[in-house]
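Listed here are the chains, written in short residue letters.
Number of protein chains: 2
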Amino acid sequence: MKQSINELLPHVLKKEVIAHIEGETLYIHNRKVYPFRDEYVACRTTQEIAQALSSMITQGGGVLQVALTSMVFIAHEMRHNRIPFSLEEFIHSITMITDARKTNTTAARATNRVIASLSEDFESTTKENIYEKVLTLVTQIEDEFDSLYDSLSDIGSSLIQDNDGIFTTCFAEHTFVLSMKKAQLSGKKIHLWVPETRPYLQGAHLSAPSLVEMNIETTLMSDAMAAHYINEGKITRYMSALDLLTLDGYAVNKVGSLNNAILSNYYNIPYHLFAISPDKEKKSYKDIVMEERDPKEMLIFQGMDITSNGVKGIYPAFDIIPPHLISGFITPKGVLQPHEIKEY
Amino acid sequence: MKQSINELLPHVLKKEVIAHIEGETLYIHNRKVYPFRDEYVACRTTQEIAQALSSMITQGGGVLQVALTSMVFIAHEMRHNRIPFSLEEFIHSITMITDARKTNTTAARATNRVIASLSEDFESTTKENIYEKVLTLVTQIEDEFDSLYDSLSDIGSSLIQDNDGIFTTCFAEHTFVLSMKKAQLSGKKIHLWVPETRPYLQGAHLSAPSLVEMNIETTLMSDAMAAHYINEGKITRYMSALDLLTLDGYAVNKVGSLNNAILSNYYNIPYHLFAISPDKEKKSYKDIVMEERDPKEMLIFQGMDITSNGVKGIYPAFDIIPPHLISGFITPKGVLQPHEIKEY
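These protein sequence lines map, in sequence, to chains A and B.
Numbering-wise, this note's numbering puts 35 at position 35 of the first sequence, and it's gapless, one number per residue.
Whatever position you read off the second sequence (first residue = 1), add 1000 for this note's numbering.
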C-alpha cells in the first residue's frame, strides 16, 4: 500500500524531498522557487528550521513532515552533543519549530504525541536509545499518515463523477492529488481547474505542476475566474485540504477558500474538504489562532514591485469557512457533516 | 465643471495622457508598464493603433478616448494624403480600431455617431473641412462624456456612506475615482479595497496608484480576499464600471466581477455599477460578443513564467453579471434597477 502511494505521488510530495537529514544538516525542499528550481534550504539549527517555516519555504502538510524530521534531527544533535540532552531542551527545540506557524496545529499535535511518549522515561534513557525511540515513533506516525492519505483518497476518488471538472485552492497535497489519480485510474475522465493562489502562487507553483506530472489534465486560472467556469458548467465540484478543523465544524484553509466556498454554495456544487482529524482543543471557531502575514508580501511578485508607493498591502494567511458552506469533510471515519465533528 | 474634473483626475485618466497626436503619430499611454514607467506607444498607422488596443496597451475607457483621437488622426492623415480621402476609407480605418476589442461597444457607438454625421455630405466637402468637422464632433463627444462623468460621479459619491469600505474590480476609471474623491471632499471618511486583478494587474497598476495619487487611503489585496474582509465588516460596498449593459439588465465587466457580485449578494452589501448608457443593439445578454484572450497571458506575471510546461492557461476577458446580483446602475437618469434598463 505505502509502496503504491509513493509511486503515485509527485516529486514535491515525496517524503525525502519535503525534508531530509544529511550529516549535521536538515534540508527543506524550497517550494517557493519550485518548479523553476529544484532546491533545498539547508538548516543547521532548530532556529533555522523555524525561520524556514515562518518564511513559508514549505507549507501545509510540508510543515508536518518538517516537524517530524526535526524531531529526529534534534535527537541526532543531542546524540552528538550539539544540543544539550534533556527533555526540556527537546520540548523547547521542537516547540520553536511548531510555533513558527500557529494556525495549523497538525504538526504540534503529532510532536506532542512523541513528547508524551518520551516523557515517560527520558531521564533514565541513553542518548542513543532516545534517538532510536524518536526514529521509531516518527516512522510510526509517518506510516499512520500514509495509511490515512491512502484511505482518505479512496473516499475522495469515490466522490468524483465521470467528467467532473474539479476546482481546488492552494495546494491540497497528498489526499487531494491521490484522489485525483485514483479517480483517473478507475477510468473516470476528469479535468482540474487550479487558481494560481496569490500572493505565493501555490496553485501555479505546486498544484498545477504536480497534477501535470501525474498526467492529469489541468488548467490554471486567476483567483477571480471560478464563478465564470462554474456558471459555464465546466467546474462541477470543489475540493480542498484544510489547515484546521474545529469541533463545531468550522474549517480553516488558505485565504480564498471562503470566496470559493460561497461561489460553490451559490451554484450548488459540492465542496468537500480533506480532514485527517479535528483539533480537539479547538472547541469552537473562536479558539482559532489566526495568523496575519507580512502585508508587504502582497505588494511584490517574485521580488518585483507590483504597485506604487503609498499603496498598503494586506495578507491574511487563512479564511474561516462556516459549516453551512461545507458539503462534507472527508475523514478516516467517512464523509462527515460539520455537525458530526463534535462527536469525532 | 470640466475644469474641476480635469483637476481631480489622476495622471492616467487625463485626456492628453490617454492618447494624443504629435505630427504623424498617435501616442497611446502604456498602461501595462504604469506605474513603473510613464511611457507611450507610438502608432503611425491605424493598423498599429488597432494592434495596440488588441494587446491592451490601454483598456476600458482608454479605448473610447483612443478611438475618438483616432478619428482626428485619420482625418489628419487624409488631409496630408497619407490615407486615401473617402468615406469608405474613413469607416474602414476607424472600424479596424473599434473592432480590436469587440465586447465593449462604447467606442463603436461613439464613432458611429461621427460616421453618421460625416455621411451626410462627405463627398461634397474638402479634406480641410472634414478634418475640422471631425475635430468639432470629437470635442463635442468628449465634452458630453466629461459632463456624464461629472454627473454620474455626483450620484456615485452620494451613495457612499461615512466610514464605507469600498471594494472595486479592475480599473473603474473616471466615474469611480471621481465618486471617491467627491465623497472624500464632502467630508466622508472612506477606505478603498482594491483587488490586484490578475492577469494584467489593473488593480495594482492603475486603480491603487491612481487612488493614492488622489490622497485616498487604499489597500491592495489578492483577487481571493474579498470575502475575508466583507465578512469582517471592513468592506461595506462594491462598485465597478461596466464594459457593456444590455437592455435586459445584464452587465459585462472584467472577469472576477461575477465572483465579487456573488460575494456581495451573499453578504448583502450593495453592488452598484456605473453605466453611461446601455447598448440598444443588445436586447439580451445572448447578443453579447464575448472576447477570449490568449490563454498564455495567464501563465505569466509581469513577463515571467509562473508555472511548469504542460499546464494550460485560460483567460476570459469578461464576466456577465445577471440582474439579480445588481443593486443598481448609476446612470445619467439616476440609479436604475436592471428591469428599468429596457425603457432607457
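Incorrect hints may appear among the rest.
[As the list claims (entries may be wrong)] Across the chosen pairs, the derived CB separations fall in these ranges:
| # | chain 1 | residue 1 | chain 2 | residue 2 | range |
| --- | --- | --- | --- | --- | --- |
| 1 | B | 1280 | A | 324 | 39 to 49 Å |
| 2 | A | 44 | B | 1103 | 55 to 65 Å |
| 3 | A | 304 | B | 1080 | 20 to 30 Å |
| 4 | A | 310 | B | 1332 | 32 to 42 Å |
| 5 | A | 324 | B | 1296 | 56 to 66 Å |
| 6 | B | 1303 | A | 119 | 30 to 40 Å |
| 7 | B | 1042 | A | 324 | 49 to 59 Å |
| 8 | A | 304 | B | 1343 | 42 to 52 Å |
| 9 | B | 1055 | A | 103 | 56 to 66 Å |
| 10 | B | 1333 | A | 33 | 30 to 40 Å |
Everything labelled a hint here was simulated from the structure, so no lab data went into it.
Where is the CB? At the ideal position from N, CA and C, for every residue including glycine.
Going through the hints against the structure:
1. Taking 39 to 49 Å as the suggested C-beta distance range, the pair residue 1280 (chain B) and residue 324 (chain A) conforms, at roughly 42 Å.
2. Against the hinted window of 55 to 65 Å, the Cβ-Cβ separation of residue 44 (chain A) and residue 1103 (chain B) comes to about 56 Å, which satisfies the hint.
3. Evaluation of the 20 to 30 Å hint for residue 304 (chain A) and residue 1080 (chain B) yields a failure: the beta carbon distance comes to about 43 Å.
4. A beta carbon spacing of about 33 Å between residue 310 (chain A) and residue 1332 (chain B) agrees with the range 32 to 42 Å that was offered as a hint.
5. Between residue 324 (chain A) and residue 1296 (chain B) the beta carbon distance is about 39 Å. The supplied range of 56 to 66 Å is therefore violated.
6. Our hint of 30 to 40 Å for residue 1303 (chain B) and residue 119 (chain A) is violated, since their Cβ atoms are close to 55 Å apart.
7. In this structure, residue 1042 (chain B) and residue 324 (chain A) meet the distance hint of 49 to 59 Å, their C-beta atoms being roughly 56 Å apart.
8. Between residue 304 (chain A) and residue 1343 (chain B) the CB atoms are about 49 Å apart, so this pair conforms to the stated range of 42 to 52 Å.
9. For residue 1055 (chain B) paired with residue 103 (chain A), a C-beta distance near 42 Å fails the hint of 56 to 66 Å.
10. Between residue 1333 (chain B) and residue 33 (chain A) the Cβ separation comes to about 55 Å, which falls outside the hinted range of 30 to 40 Å.
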